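Spelled out from the first residue to the last, the chains are:
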Amino acid sequence: MARKLLLKNDHIAGINTLDVYQQHQGYEALKKALTMKSEDIVSEVQKSGLRGRGGAGFPTGMKWSFIAKPEGVPRYLVCNADESEPGTFKDRYLMEYHPHILIEGMIISCFALGANTGYIFIRGEYMFVLRKLEIALEEARKAGLLGKNILGSGFDCDIFVSPGAGAYICGEETALLEALEGKRGNPRMKPPFPAVKGLYQCPTVVNNVETLAAVVPILEMGGEEYAKIGIGKSTGTKLMSASGNINKPGVYEVEMGLTMQEFIYSDEYLGGIKNGKQLKACIPGGSSMPILPAYLVTKTINHEDRLLTYESINDGGFASGSMLGSGGFMIFDEDQCIVRNTWNLSRFYHHESCGQCSPCREGTGWLEKILYRIENGQAQMDDIDTLFKVQKGIDGNTICPLGEAAAWPVAAALRHFRDEFVWHVENPDLAQKQNYGLAKYAEMRPKPEPQPTN
Amino acid sequence: MEKIKVNSSPPFSFNEENLLEAKRILAMYPEDRSKSALLRLLHIAQKQNNGFCSVGVMDYIADFLKIKPIEVYEVATFYTMYHLKPLGKHVFEFCQTATCATVGVEKIIDYTCNKLGIGIGETTHDGLFSIKTVECLGACGYAPMMQLGEDYVEHLTESKIDELIQNLRNQENG
Ligand SMILES: Cc1cc2nc3c(=O)[nH]c(=O)nc-3n(C[C@H](O)[C@H](O)[C@H](O)COP(=O)(O)O)c2cc1C
Ligand code: SF4
Ligand code: FES
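As given, the protein sequences belong to chains A and B, one line each in that order.
Counting from 59, one number per residue, gives the positions in the first sequence under the working numbering.
Counting from 1140, one number per residue, gives the positions in the second sequence under the working numbering.
If you are wondering where the hints come from, they were derived from the structure by calculation, not from laboratory data.
Given the structure is predicted, the values throughout are model-derived calculations rather than measurements.
One or more of the hints may lead you astray.
What the hints assert, rightly or not - Quick look at which bits of chain B chain A covers, simulated, 3 or more residues with Cβ under 8 angstroms:
#1 1176-1189
#2 1275-1286
What the hints assert, rightly or not - Pulled a few chain A residues facing chain B out of the computed Cβ check, cut under 8 angstroms:
#3 61
#4 185
#5 225
#6 226
#7 237
#8 258
#9 259
#10 308
#11 481
Ideal Cβ positions, reconstructed from N, Cα and C, are used throughout, including at glycine.
Chain B on its own, in the form it takes in the complex (with noise of 0.2 angstroms):
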């Protein structure tokens, strides 16, 4: 479990799209039941903010939801998906388990860490990318796989990583 600094945070609040799209989430509760709409809204927020998940978002979610501030902590600690670190703007997160495995991901993970000179867990110092390891993404048929933003990556291969990290740069500098 991840220990949350709270210290100061820059406080946060929905834009106005996504005040929308949270309004329409709500209604899929029975009124007295809106803390259902927890984990959803904070990915969310967690988007909107760059995807961190910093106090500022969970206190602001509590807020919004009218429950304690550590009702979003606990969860916000439970779940593998909120950051409560910043990371970088584009996250490899790469699957380790079972078939990933088997088809060798793990050189695939050795030759991006190589290539970007960061570790498992680490971000570029241009902010640009991090790299993670997470467990089956449901993609096992497809490995090895990864998870980039929303899209699956999916058969790996080392030119794939170089391609897509071009690409990523690319984009940044064009």
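Next comes chain A alone, as it looks inside the complex (with noise of 0.2 angstroms):
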């Protein structure tokens, strides 16, 4: 059995409550944190490898030690609780079922950054998670372990939750803090970042939810501890979130190197496509990462197993890996057409878009028309060129990474999946009739040559 940190006491029945959660050692990682001079905490969390859990990977530790400390200027600790990239919904379920661990983890990594004030940023939909989370502070709080002084450290701190109203953009830090401050969803110009200037232009950390959670873990064992569970700088356990066309979609908890062979097909975790139909193509991070075909899914371009890690995943370069991104691990069976896929994607990134910069405004309207002209059967060929045009234009070319997020997945899709853009201009009739199919898309292809070094 493969190990958990965050859903260790998922069988427990109320774990989602104060009392039980203490019983099975909820809240001795914060005693033991209240022990430490913040420093050493920041130490722990970097020494474990913990990489933000929210789509960039970025070292947890290192974030933490980049917040400024100004006299007289309260900081801020803001958990991304937006989860809106589709594919993603992991959050939700640690939230929900084990609030507790994430309320702990807020605490420990408040007092490390020196922040008496930390506020859980929730989607709006999730209002019924909200209220699940302000009962568990509640019990927190009565309990002594939020407020004044807590548990006689001397240390004041508090967390609130705060509702989005449906913007998938307020998911970007920058936006989020607008949105915190009761204002639109426009991602703000970095630098200044919000280590800096952040919430009401104070020093900001903004972390994800399950990273967050973590930091128990992280505490209750050593980051060092930590950081022998996974492969290279992949390190802990990540929550991977699947769906799609597989036998047990879900939330699980997978340590870190897991092979994507024993992910997808064993019964311990996917158990397989659904329906005994083959794998077509896996979008493994989130919607914003590149498609990968089935003969890349689970070996990469050099025949390798390929491992839940940041690094294996991203083996290959975007020529033929993807990005772990958010853990959104999305699997589509040979009955799925990628055009319908991509055009759907697109709509999607069309629909979010702030508006702020034009490439993205202008070019991800672009991309959901071209689409749906190629899907619709009312295309010409050379629509497929400018799809690539017009996602090139926007990539790297905006101010807050929704750019990219719209322009990978079509890239991807044109990279891997060209014949099947070509076969609807051709076919526009039968197009709107069948689909294309699995084709050759699942069957191994000879390794390349290796590319001279000099």
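Grab the two chains, each in its own frame, and use the hints to assemble them into the complex.
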């Protein structure tokens, strides 16, 4: 059995309540932390090798070390619970069923950062989760785990939940801060970074739900022990949200380094492709990440096992790899149409563009329109080239990474599934009636020749 | 972006319960940052106003937070959860993104539209039901799904839709 850290108490009834959580070592890590120096906590997190679980994978300890500490200015910790990246639903699971591990992780993190206030910014649609969090926070307050002089340590800390109201862009950390200030979710120009000027222009750390929860096991076991789990720079465990044409969709905690083969096909995890169909494609890290054709999912281009680590999923760069991102793992079987799926995602990004920069605002609209034409048999061959040019025009030319998030899925679909796009254009009538199918997307290809190094 | 009609809109004010709730929420933010409460207060006011974020609602919240009405309008028009037009009593908000599309939400939407005799974005004559499409709601593992009020209804099937509509109608009559 694989080791679990965040969901280790998943089977215990009532673990969402403070009493049961405390019966299972809950808040012991906090007690330990309160006896430590804040720098030492930061250093444990650095040693653990923990990387942000929100999508970008930035080392958490390093992020914490950047926080500015001007005299007399409050600092804030903000938990990013916006969770709107299509394919991702692990944070909701953690908050609904294990609210106290997040709260404990946040108190420890506040203490380490010298922040007396933490906010959980949660997407507005999760109002039912917000209510559960507020119940858990109130339990913690009553037990003296939040508020003034926590457990007699002299440290004051409180945490509040603040909802969004339906906007994917508010997951981007600076848009989130705007929303938390009661404004439209328009991303800010960086620099200044939130670590210097964040919420209310004060130094702020923004971390994902899972990242902050992972601070608890790191404190319990020590950073070095945590770093022993996983491979290389991918340490610890990761929550994966698995969905699509699989037998057992859901949230799984995996040790970094698990093979894709085992994750997708073993009964302990996803239990294989549904209805005995074949795998056609996989988006391993949320909808913004490049899609991979079947032959590149369980193996890399060099025929090595593909593993669930930041590095292995990115093996081959974007030419033949993808990114672990948020862990939103989406599986498509042989009956799925890649053009239709790409159109669906472009429609999403167009809808969610905040409209501040023209390459994103206009470009996402064009992507959606062209893909709609291809999908609906109204396109010409040069539309495929236009599609490529439009996504290229967005990539790297925008204020925030939503631009890339919109461009990458299109680029990857064209890179790996160009045949399918061409087929749609050449057979507009047929494409209305049937799918392109699996074609050769599951067939292994010869290893590329090693490149001469000079 | 939707346009707001700034015509005569009935005035709005929080009921007692929501007034208390609003005060609890204001206390979460620094005193000079009460605007931070805007998104949540708008949710509460919209709910009290039967799911409709009217100009009366927005003006009241502006007054409540001592900010300009435009500061509320610009927020209400940015976020998709604020409904600037009245909707039915029960709004079926189907997720139309990624996995929900992969596992066939479109068929379920068509089925529901047919059954209720309305299209996406429309409301039944009796004012009971509206149908909307929304983006990924963070329930992809339980797709196809929709939001109904504050609840999620997951693993949707046609018979589940039948049952749901029947139950809601019975509630109304019983
Ligand atoms: C368009 C966009 C949407 C994002 N959505 C989320 C989100 O829903 N949740 C999240 O934790 N991070 C999201 N991020 C990443 C955040 O900007 C930020 O990097 C993250 O919260 C940092 O936390 P971490 O270091 O713990 O991962 C998003 C980024 C972009 C550009
Ligand atoms: S890239 Fe798109 S979402 Fe990001 S700031 Fe520009 S317009 Fe807004
Ligand atoms: S795709 Fe429908 S809930 Fe995520």
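Okay, the hints, checked on the actual structure:
1. 1176-1189: holds (count 6)
2. 1275-1286: holds (count 9)
3. 61: This interface hint is violated because 22 angstroms lies over the 8 angstroms limit.
4. 185: holds, 5 angstroms
5. 225: holds, 5 angstroms
6. 226: holds, 7 angstroms
7. 237: Because about 7 angstroms separates residue 237 (chain A) from the closest Cβ in chain B, which is inside the 8 angstroms limit, the hint holds.
8. 258: Nearest chain B Cβ about 6 angstroms off; hint holds.
9. 259: This hint is violated: residue 259 (chain A) lies away from chain B, its Cβ roughly 11 angstroms from the closest one there, beyond 8 angstroms.
10. 308: Holds: closest Cβ of chain B sits about 5 angstroms from residue 308 (chain A), inside 8 angstroms.
11. 481: violated, 20 angstroms
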